[in-house]
Amino acid sequence: MNSAKQPRGSTGAGRRRPARPGGPLLWFLGRRLVAAALLCVGITLVAFVLTQLVPGDPAAANLGQRAIGDPEVVAAFRAKYGLDQPVPVQYLTYIGNVLQGNFGLSQQSHRPVAQDLAEYVPATIELALFAIVLSLLVGVALGVVAAVNRDRWPDQVLRVVSLGGVSMPTFWVALVAFYLLFFKFGLLPGGGRLDPGMSPPPYATGFYTLDAALAGQWDVLSSAAGHLVLPSLVLAVYTVGMLMRFTRASVLEILGNDYVRAARAKGLPERVVILRHVLRPAMVAIITVAGVAFGSLLSGAVLVENIFSWPGLGQYAYRSAVNLDLPGIMGVSIVVAAVYILINLLVDLLYGVIDPRIRLT
Amino acid sequence: MGALLEVEDLTVWLATRRGPRMAVDGLSFQVDSGEIFGIAGESGSGKTMTAMALLGLLPHAARTSGRAMFEGRDLLAMRPRQLRDVRGRRIAMVSQDPSTSLHPMLSIETQLTEHMRHHLGLSRSAARGRAVELLDTVRIPDPERALGAHPAQFSGGMRQRIAIAVALACEPRLLLADEPTTALDVTVQAGILRLLHRLRAERDLAVVVITHDLGVMSAVADRICVMYGGRTAEVGPRERVLTRPRHPYTRGLLDALPHPEGGAATLRPIPGSPPSLGEVPAGCPFHPRCGYAVPDCRTGRPAPVLVGPGHAAACPPDPLEGDA
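Protein chains in written order, with the UniProt record's numbering: chain A, 1 to 361; chain B, 1 to 324.
Keep in mind the hints are simulated off the structure, nothing from the lab.
Just so you know, even glycine gets a beta-carbon here, dropped at the ideal spot from N, CA and C.
Just so you know, not all the hints are guaranteed correct.
To be verified - Pulled from the structure, derived: some chain A residues nowhere near chain B, Cβ distances all over 12 Å:
1. Leu188
2. Ser199
3. Asp219
4. Ser296
As the list claims (entries may be wrong) - One-sided and incomplete, this derived list gives chain A residues near chain B with beta-carbon spacing under 7 Å:
5. Asp258
6. Tyr259
7. Gly267
8. Leu268
9. Asp355
Stated by the list, open to error - Derived CB-CB ranges, DEER-like:
10. Leu39/A to Ser107/B: 32 to 42 Å
11. Val166/A to Pro269/B: 52 to 62 Å
12. Arg357/A to Gly19/B: 40 to 50 Å
13. Arg31/A to Ala256/B: 52 to 62 Å
14. Val229/A to Gly19/B: 42 to 52 Å
15. Asp85/B to Phe185/A: 41 to 51 Å
Assemble the whole structure, with the sequences as input and the hints as a guide.
Encoded structure:
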């Protein structure tokens, strides 16, 4: 109560840094984008070196038994894919191509990797986005309920729920959900992105729901959305549990602040106190965790996509890896890295939206 | 003029790990409209808990008994919903540290207008207009621009002025100011105290100033209540309490204040330390530290007795008689 005087910040104008052209936000964005580009180059290098170190010959992995015995065929294969060049040359060629949107030819699908990625990446992103939005809605809401009812029965029940969510293995949840909701009760469609026999909407973004809405194909939209529910539910089980626990802890911490007591002393309804005065500062911690959770959704997708025959990046990555399809592996690595970087950038920008003090410095 | 707030036998129990402990023990006082009433005491004497009890903002699982009549209604018996209509509207609060009591992420405009819009049903633009007037009242330069700013952009003194503007927004009848100047520089303190004085005069506002600082008290309060161990030690008009204290604790507090002419030699600390929560001794709570204690002080529980016009002290031995 009678705490000693602490040094306070200096007044107004004195502490502001000199203005930069374009304002602090553009400056911040610029810095982050440059860093992101450098990071991407670094990741390609690491991925490239790692694929070089993998014991295994792409020619052996991709040519048939007969062809591998024929030196001419092997040489032709190696020449076709540039494998006869020195490694640094291979890398520079690759980077040059990537900058032009050319990720090379997949040795496994015999199509340009860029084309494969354009098809598979949106499927996974659509799934992960659905799952993260679902997780945020459910996880944050339940976390707030738990914190507000601290140590009373809703909190006790939710504690068990969140513990269950984070401790059940995804593959097990996937199988149980598949069995119950699809096989046993037929509540939700099972595998794939659309009902059998339905053709995908015209390609604009690769997100079937969005593309169908853009094209006005409402039956396709409803089918695509229905197919998203089961796999995104399964993916969300873990992140809901995680977000619930972080939300609870974060809200409890904020609730102890003077400004919350001040908000109550103003006679505001509890709903306003929680949503405006408590949840907003709590969101700083929550979106940090959500950013990390989105990354875990992408890796969780490998498993879930296989169980729900979801033609996404997870399946593609798996097939590329077992076939030692170097251009495929590289393409997947770069895309995943870029997604991570984008998510981090988004989280950083959201900090600024939530907390004006970040915008001001 | 009748009493605006009449607290009778207020008792507050706080939940601790070892069960309920009494933080405020049978406190009674009254505050008239337009009066500045000071509650003084060391940390843990129950000052802040008294204010929190009046607003229904006590920590989890705390209990109260007694009555606190405000405008004819008992604050302690109100339902949460009724209490919410009183909070911010009829009784407002200013707390110690404006750097923690203002929300760091919400604009000044939001913090100044949200309760006006809720309690008074004002439109956005009407509330904004009043917010500008309020900032002007508390002497914030360039109020229009200040509305778009955030607390971090202001100095401590300015923040406390803004916090006072927030408290005044719905024209309350009573302002509870809990250590309103403790976190501020001395030069800034004077400005805040002058502001409270002016507002009281302009708005017929009653103010309860809670502080451990008798210097602040002597500057603003009309009447002073000195608390010790959750009870009233002495209550009365400022002049009488500060110049003719009748309770040894009040005398001790005054002796512990530095005097400009005196130097360090005149400072006399009170021996011992105030009782912690739930460990208030039997009898007079001050007797272990009191130089005038007699055996009766250990058993009897002294009630405040009138020692002068409007001046009561909870100390029957009256050891200081003839002293002052």
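Structure-based check of all given hints:
{"no.": "1", "hint": "Leu188", "in the structure": "holds, 40 Å"}
{"no.": "2", "hint": "Ser199", "in the structure": "holds, 48 Å"}
{"no.": "3", "hint": "Asp219", "in the structure": "holds, 44 Å"}
{"no.": "4", "hint": "Ser296", "in the structure": "holds, 28 Å"}
{"no.": "5", "hint": "Asp258", "in the structure": "holds, 4 Å"}
{"no.": "6", "hint": "Tyr259", "in the structure": "holds, 4 Å"}
{"no.": "7", "hint": "Gly267", "in the structure": "holds, 3 Å"}
{"no.": "8", "hint": "Leu268", "in the structure": "holds, 6 Å"}
{"no.": "9", "hint": "Asp355", "in the structure": "holds, 5 Å"}
{"no.": "10", "hint": "Leu39/A to Ser107/B: 32 to 42 Å", "in the structure": "holds, 35 Å"}
{"no.": "11", "hint": "Val166/A to Pro269/B: 52 to 62 Å", "in the structure": "holds, 55 Å"}
{"no.": "12", "hint": "Arg357/A to Gly19/B: 40 to 50 Å", "in the structure": "holds, 42 Å"}
{"no.": "13", "hint": "Arg31/A to Ala256/B: 52 to 62 Å", "in the structure": "holds, 55 Å"}
{"no.": "14", "hint": "Val229/A to Gly19/B: 42 to 52 Å", "in the structure": "holds, 51 Å"}
{"no.": "15", "hint": "Asp85/B to Phe185/A: 41 to 51 Å", "in the structure": "holds, 50 Å"}
Checked against the numbered hints above, the structure breaks none of them.
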